[in-house]
Amino acid sequence: MATSAAVLSRTETARDADNVLVAKGLTKEFAGFAAVKDVNLAVRRGSIHALIGPNGAGKTTCFNLLTKTLAPTRGSIVFDGEDISRLRTSEVARRGMVRSFQISATFPHLTARENVRVALQSKYGTAYHFWRSLRAVAPLNARADELLEQVGLAGSRDVTAAELSYGKKRALEIATTLALEPRVMLLDEPTAGMGHEDVGPITELIKQAAVGRTVLLVEHNLSVVSTLCDRITVLQHGEVLAEGNYAEVSKNPAVVTAYMGGVDE
Amino acid sequence: MVRLLLLAVVAVLAIAAPFYFYSVTLMTVMCFVIFACSFNLLLGYTGLLCFGHAMFFGGGAYITGQILKATPISTELAILGGGAAAGLLGLVIGYLTMRRQGIQFAMITLAFSQFIYFIFLQAPFTGGEDGMQAIPRNDLFGFVDITSNSTLYYVVLAITALCVFVYYRVVHSPYGEVLKAVRDNQPRVESLGFDPEKIKLVAFIISASMAGVAGGMKAVVYQFATLTDASWPISGEVILMTLLGGLGTLVGPVFGAAGIILLNDYLAGFGEWALVSQGVILLVVIVFFRRGIVGELSALVRYLRRRNRTEAPAAQPAAATSGH
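For the record, the sequence lines run as chains V and G.
Converting from the first sequence to my numbering requires adding 7 to each position, the first position being numbered 1.
Converting from the second sequence to my numbering requires adding 29 to each position, the first position being numbered 1.
Since the hints were made in silico from the structure, they are not lab data.
Careful: at least some of the hints might be erroneous.
[Said to hold, decoys possible] Not the full set, but computed from the structure, chain G residues with beta-carbon under 8 Å of chain V:
1. Ala46
2. Val207
3. Asp224
4. Val231
5. Arg319
Bear in mind the structure is a predicted one, so any value in this text is a computation, not a measurement.
Beta carbons are placed, not taken as given, at the ideal position from N, Cα and C, and that holds for glycine.
Full structure from sequences and hints, please.
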């Protein structure tokens with residue numbers, strides 16, 4: 008009896024070590040309305056995990072809780088063994104979990120290279136050096152150009168972000184995020200508002216960027232989810248409806264009902 | 030190369046200017062050039078609209094004046110003291126207001142500046158409504174006599190050059206790059222692991238110190254400091270200068286400050302018409318020249334360059350055929 012308990016706890020810890028991001032009993036209430044109710048979520052290390060659900064299901068709220076943009080009413084979030092429930096976005100970012108935004112998050116007046124260089128400065132420690140010339144960050148240029156090349160923006164290095172096309176802005180955003188060498192990337196609807204021709208390349212880019220990392224994304228486009236993701240969590244009315252790989256989830260009758268019929272907004 | 034040449038021309042003009050123009054007007058222009066640069070650092074490069082920047086300008090003027098009146102400390106150190114005091118004020122007020130954004134930040138800084146204004150009105154050392162009179166010009170470095178305006182002009186010129194260099198350095202520094210990123214997209218900067226409030230606070234302190242130096246210099250030039258220096262119309266004027274010159278352009282504030290001061294000077298004889306003309310200018314800038322003088326000019330240069338580039342390949346085949 009005692010041995011079986013010990014074995015159980017060992018497998019339990021082994022499972023937790025496999026999961027880089029674990030949310031337990033996550034709840035967020037807005038003036039009494041629970042947008043997210045008691046959500047348990049475990050993101051496996053090295054996987055691409057999607058958070059999907061019909062409109063108003065609480066995906067974005069859940070995402071904002073995980074990225075620390077919102078503070079949870081109840082529940083805990085553990086990142087790589089450390090409780091991050093009370094930390095700020097910037098503190099979580101420095102620990103290796105970086106988020107993206109639904110609307111493209113570039114710095115429009117800076118060039119592509121400068122965009123990436125700002126992110127590189129985060130670790131380089133020159134962010135407050137107002138008395139030095141830009142030569143102080145010149146050593147970062149090589150790495151910045153490398154990252155731009157990786158996302159196919161080598162030719163747009165000196166173009167300001169405002170002048171880039173929508174798809175290129177998203178690519179730049181990914182390069183900027185990669186500059187921090189995050190262990191976990193949280194992507195908020197990476198293909199939202201994108202033309203058909205841009206969806207393919209950006210999906211490919213995410214797949215490439217995900218090598219050696221963990222990615223959690225909120226996404227509407229189910230074909231993107233099916234080609235990209237290893238694991239899917241379906242939310243409805245702020246609660247977890249189903250979890251599994253695409254084949255499992257898409258056959259789940261509850262999910263089919265939620266998507267196909269009678270979703271009350 | 031072109032830039033160095035341009036800099037040399039500006040230097041020569043600045044050195045020769047007092048032989049052709051009234052030196053006090055020129056010195057006033059330079060005080061406001063520093064003031065407008067400090068304001069542009071906030072609004073143009075940080076995205077913070079401080080509606081009470083006069084508190085730093087006036088504060089610098091009073092503290093510099095008080096140091097010169099009460100102690101034998103040399104003038105340049107007194108001006109530095111004015112800048113330091115304004116910087117300290119900036120630290121306190123910035124710390125209290127930095128969480129606010131947009132219009133809230135503008136209103137809170139306005140409220141603080143009114144508060145500071147009434148402190149200056151009531152404090153005994155400022156002379157209240159009469160202002161602080163007869164501020165001496167203590168010897169520069171303790172031994173150079175600067176009582177004559179023609180000598181002082183070059184001191185003011187040197188300090189202005191130094192301040193503009195500091196301003197240039199901050200804008201084009203690793204920190205300046207992060208600062209512009211905060212202006213463009215604050216949540217994103219935070220998601221990259223920075224603390225945007227702290228970054229903005231540093232800019233606020235630098236800007237406040239520069240405004241203090243500008244005010245201190247004005248107190249030395251005019252040898253008095255008044256409540257006007259700390260009043261809200263001065264805060265409004267510096268906004269106008271920055272917008273007129275070109276928001277977020279490096280040399281915009283220089284042109285804006287010079288334009289407004291010279292215009293005020295020119296229209297002084299017409300009384301209230303100076304204010305009316307300011308209003309008209311502000312309207313014209315907002316309606317027709319959103320980017321200000323320097324902003325519009327550099328946009329024009331960019332446009333012409335681009336047109337040349339697109340025309341050049343088209344012109345080449347024509348030249349080739351005519352060659353045959």
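Consistency of the hints with the structure:
1. Given the 8 Å rule on beta carbons, the hint for G/Ala46 is violated: about 29 Å separates it from the nearest Cβ of chain V.
2. Interface restraint check for G/Val207: the shortest CB-CB distance to chain V comes to about 5 Å, inside 8 Å, so the restraint holds.
3. Taken as an interface hint, G/Asp224 checks out: its beta carbon lies about 5 Å from the nearest beta carbon of chain V, inside 8 Å.
4. Evaluation of the G/Val231 hint against chain V yields a held restraint, the C-beta minimum of about 6 Å falling below 8 Å.
5. Checking G/Arg319 against chain V: minimum C-beta separation of about 15 Å lies over 8 Å; hint violated.
Comparing the model with each numbered hint stated earlier shows that hints 1 and 5 do not hold.
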